[in-house]
Amino acid sequence: MIVGERKPFDEITGMLNGYKKVLILGCGTCVSVCMAGGAKEVAVLASQLRMDSGIQEKGVEIGEETIQRQCDREYIEPIVEMAKTYDVVLSMACGAGVQLLSDMLVPTPVLPALNTSFIGICEEEGVWAERCRGCGDCMLGITGGICPVARCAKTLFNGPCGGSVNGICEVSKDTPCAWQLVYDRLKALGKLESLEEIQPIRDWGPSSSGIPRGVYREDMAGVAVESEGSSK
Amino acid sequence: MNTVNLEINGKAVTATEDMTVLQAARDAGFTIPTLCYHEALTPFGGCRLCQVEITSGGRTRLATSCTYKVEEGLIVTTDSEPVIRARKIVMEMLLARCPNVPLIQDMARDFGIEKPRLKKIKDENCILCGMCVRMCAERMGVSAISFVGRGIHRKIDTPFQVQSNVCRTCGACASVCPTGAITIEDITSNVPVPIPSEFDTVLGTRHPIYVPFPQAIPNVPTIDKDTCIHFLTDQCGVCESVCKVGAINYEQEDEILELEVGSIILAPGFKPYDPNYIEGDYGYNRMPNVVTSLEFERVLSASGPYQGQVMRPSDGRHPEKVAWIQCVGSRKAEICKDYCSSVCCMYATKQAIIAREHDARIHPTIFNMDIRAFGKGFERYYVSAQEKFGVKYIQAMPSPMVRELGNGNLLLEYMNEDGQGKTAEEFDMIVLSIGLEPSEHTKELAKTFSIELDDFGFCKIPELEPNIASSPGIYVSGAFSAPMDIPESVMNASSAAFLASRDITEARGTLVTEREYPPERDVSDEEPRVGVFVCRCGSNIARVVDVPGVAEYAKTLPNVVYAEENIYTCSTDTQIKMAKIIEEHGLNRVVVASCSPRTHEPLFQDTCREAGLNKYLFEMANIRDQCSWVHATHMPEATAKSKDLVRMSVSRVCMLEPLHESPSPITKNGLVIGGGAAGMNSALGLAAQGFETVLVERESELGGNLRHIYYTNEKESDPQVLLKSLIERVQNEPRLTVYTGAEVKGFSGYVGNYHSTIRTSIGEDVQVDHGIVILATGAVEYKPEGEYLYGESENVMTQHELEERIATNGIDAGELKSVVMIQCVGSREPEHNYCSRVCCTAAIKNAIKLKDANPDVNIYVLYRDMRTYAMKELYYQEARKKGVLFIRYEPERKPDVSQADGKLKVKIFDPVLDDEVSIPADKLILSTAIRPQPDAAEFSSKLKLPLTADGFYMEAHMKLRPLDFVNEGMYLCGLAHSPKFISESLSQAQGAASRAVTILSQPHLMSGGVVSVVNQGDCVACLTCVRVCPFNVPKINEDGVAEIEPAACQGCGICASACPCNAISVQHYRDEQIMAKSAVLCS
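Taken in sequence, the protein lines are chains U and Y. In terms of numbering that gives the first Met the number 0, the numbers along the first sequence are unbroken and rise by one, the last being 231. In terms of numbering that gives the first Met the number 0, the numbers along the second sequence are unbroken and rise by one, the last being 1082.
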């Protein structure tokens, strides 16, 4: 799941400065689940902004709406007309949602209300942790299901580094050493021997350091084009 | 009496002919200020503030309403311009006379007078209202004071202006004085003796008519005949005159009621020990700053004599060094209090912590012999007292000869812990941790019920038959059988209730009468028609809040079609009237503005139902607690706030919708998990009360730990006989189905409707439906591999192993020369921070057995604190008498065990000798901990039950609900809860069965009403509700959305507030219903 966190209130009011009619648009998928941008968060932010507007006598009108997903055109389409009646749309989706929404609402500006934090899991209620960097070349199969890219501070592929003390990372004492975890897990799986294999220097090509990445499913993409064609 | 009709401020009023205009006007809800009027005294017309305009026989004039009798056709105006002007002049004169009296200043301010135009005549407190004079003459029949002098020299004084010798110092004069002008010392040389309050111990005082304590049941005043003037002299009677509902009855006598009952529970409680000079009182009674722990408890209480400030009685100074002295009246054979009072170590620790929390300057020191923190969670608390709160524990008993210093401080002398010399230390205050003794009338009680008492006057009960007194059908609960703490008392009480109800199972429900209600009116298509009932609560609300004003205001609110005020809205006649009004006016929503919904909502809801209205179409505004009580000195503001609260309630009530509860069936079977002593006893208990029960034991044999216990300290107790009888009864009980070698594999459902899958010994899965669960999964003995050569030397064993060998003649005591026992092996350590409760007593039990078999054997018990609580202390005494040696060790200097040539040697540092002692040992016995079941974490998560930090099951409330889990319909008992003795397990098991029967014996459970509901279309299955629910009710169902079972939902609303999609709402507390209130508050 994509985990996000709402921006500080002052930053949001700063961005909205000068706009008189604001639509807050929530997203009903990942950010709802991580309690950052669902219907409740939309209502809370709207209420906060209304109070702020009242106190500062800004006279801002606030609208609220939450859609299923902001990363799919079909969910955005029904609200495009309505959204364009506003001066600005404050999106509570992740970065992907904000971008698609921006594309579809021109000339109405779209502003982000969240910081997109990471791809992660919910450890317990109210606690989320990063688990994946989307590096494009998954090696969890070798490391017993613990990712050295996302969880080792040094992104080592042949760890540990030697700075790990009692299973704690030397970079941060709140962080467990990923390679200690890898070792413990492989031991539990009875596959310690896989550590003896030296991992070669990694090709970072598929990772996010270059041009924007894309995935093309020939079979599916084809179907969509064909059906579009046939309907015409 | 004849009635008279008159008109007050244009309103027709009916009064009885003996009433004054003031009384008639006040009853009709009009406010008239007075200073010299009192219901119990002859009207005087002295202050002139109550003037009103009277029109009679065509003539209008001003008259004092307190002295003017009502007349037929009289026209009264209480607020006309001439009336106000006249009152204002009186007020100005009063202010000129008494410029510094707060009451006069406040009243003047209400008239808009800040400064009198008149010259200040004198600076007086007395306004010459004469209430004191009339009170003393008319009601007390004494006339110790009267008016003397004339004109501006007029004043209140005694005859001849000398101190009176007829004055009884009753203080009635001072109590009625509106301005606080009376001082008793001016009237008499007799010194008033305040009546000490029993509840505030001797530190506070009370009146002759009083409510015994804030939580008294019934919570009504009582008259102390020994101090009441009326009972002593036949005078006074003021309370009878002022009580508006006529509740005072001086003729009331004790009544003898004869009841026919099937069983009896005796719960007379205990009496706190009263320290006295003969028995060593540490200066108590003579030195004010020596108090008992019960007195100190009141000192710490916010409702206590010092309003929760820690002060010392002698001078009200905040003490810094406070000493607690333990075992005052306990563990003292020379005063026939040989037993341990069980609770004092922990209450002293609690008081020390609370005192520190109140005032960080306090340094508590607790002098003790042993700290007995044996209860569940107590060890952690004891450790935190030292580490977090700096409580100092000194293992020494100070000399009872306390010296009081000139400044009220106290000097204590005690032996140093190292045994070398003594210390004299000064304390600001001393608290005596007094013990528990049987209450006063228990001897008579015992005679009445022909039951036996023990040597100390506690009730004698057989160790392995808890709660059973020596006469059939008579059961005992609480500290009457031995000193015990709150959780033990609560469990014990449930157990006694079990036994008492078991005897009369057949009669269950036969005295119940069902209430019938008229059919409910469908109001769904109606516009809201709100009725508002504003309560005066006698004068409780009306004294501060303008109740008629609030009622009038309510009439102006939208949707309100009816509003009225009542003297007591909760009285039976008002309830009948209310139901009638609801029907007559076609009300479909009701608001009562009165007291707390916590106490009165059910009553008013019932009235709604009587009138055919759904009980959820009702709302309360608490204008007593939240207005008249807390804003007693701000009357206009209190009235304004009352109006706000009423407006909010009216707004919300319009948004409410009828809710319906529906009966949901109960599967009237039980499931007991665990077939040890506790589990078998619970299962037998459920069966005895008539409920079919499944008992699951995972071992191949029933009995659990009881199988390994061969004897106890009590000669008459035989655990093996108990084991055999339990197993036999379980096997012969037709209502029980027993699975041994079986495990609970699957578990689901909620109270009344649980479903379990049991995998039997042959691997078959059996489905069981049951309404309740009793968890009695037990615990295990810790085997200390690697500690103290356990497992390496055959001469090192646990207490259990020793017991087994003694019982089976596997050990020859005659051969032994020296035996060493080490206590707290695996207990009271940072990673296992709890006391195992039974090991001190077990060590003593085995030591006595060995000593009895061979008096020459040397037995050394190496201990940290001997925790032989309650009557177990007697065996500790016996062991010492028989020559068992006890050597204390500190956890930092644990005993050192070595073995050479097959001979064991134990080295230990003895703090009294201040040297290391080396003891050769033939046998080394380890008193090892009781550990939770190794798979407790896994099993508890299957049943969705919480565990404590130590891995034992966690009850719903440590003190008040020790047998219940938070999950309704689930109960626990035995070692799964925490380490305990067999007797305690048995009692707990019976208690758990009793708790379970409260569910199983109901015809059905009501579900619905205030519960959470999911709008499944909005649910994104984020699991938030599943995670936050403290009762584990929400589930993600097969459709992939959250589902909340109404029968299981407790309506706490946590899920609704946490749901990120607003998909969940709590019925009756929906967002819009709450917002309706805040919206009108801000408008």
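Read the hints as simulated data drawn from the structure, not as lab findings. All values derive from a computational prediction rather than experimental measurement. Accuracy of the hints is not assured; some may be wrong.
Here are the computed lysine to aspartate or glutamate pairs in the EDC-like style, where the Cα-Cα straight-line distance is at most 20 Å [what the hints assert, rightly or not]: (1) K320(Y) - D273(Y); (2) K941(Y) - E60(U); (3) K943(Y) - E10(U).
To give an idea of the interface, some chain Y residues facing chain U are shown, with a C-beta separation under 10 Å as derived from the structure [as the list claims (entries may be wrong)]: (4) I181; (5) L299; (6) S300; (7) S302; (8) R1026; (9) P1059; (10) A1062.
Beta carbons are placed, not taken as given, at the ideal position from N, Cα and C, and that holds for glycine.
Here is what the structure says about each hint:
1. In summary, the hint linking K320(Y) to D273(Y) is not supported, as the alpha carbons are separated by about 24 Å, beyond the 20 Å threshold.
2. Between K941(Y) and E60(U) the alpha-carbon distance is near 50 Å, which puts this suggested pair outside the 20 Å criterion.
3. Between the alpha carbons of K943(Y) and E10(U) the distance comes to roughly 43 Å, so the proposed pair goes past 20 Å and is violated.
4. Violation of the interface hint for I181(Y) is found here, the shortest Cβ-Cβ separation to chain U being roughly 54 Å, above the 10 Å cut-off.
5. With a cut of 10 Å, the hint placing L299(Y) at the interface with chain U is violated, because the nearest CB-to-CB distance is about 36 Å.
6. Hint status for S300(Y): violated, given a least beta-carbon distance of 37 Å to chain U, over 10 Å.
7. With its C-beta approaching chain U no nearer than about 37 Å, S302(Y) sits outside the 10 Å limit, and its interface hint is violated.
8. A distance limit of 10 Å between C-beta atoms decides the matter here; for R1026(Y) the minimum to chain U is near 4 Å, and the interface restraint holds.
9. For P1059(Y), the interface hint holds, since its Cβ comes within 10 Å of a Cβ in chain U; the closest pair sits about 4 Å apart.
10. The criterion of a C-beta within 10 Å of any C-beta in chain U is met by A1062(Y), whose closest approach is roughly 8 Å, and the hint holds.
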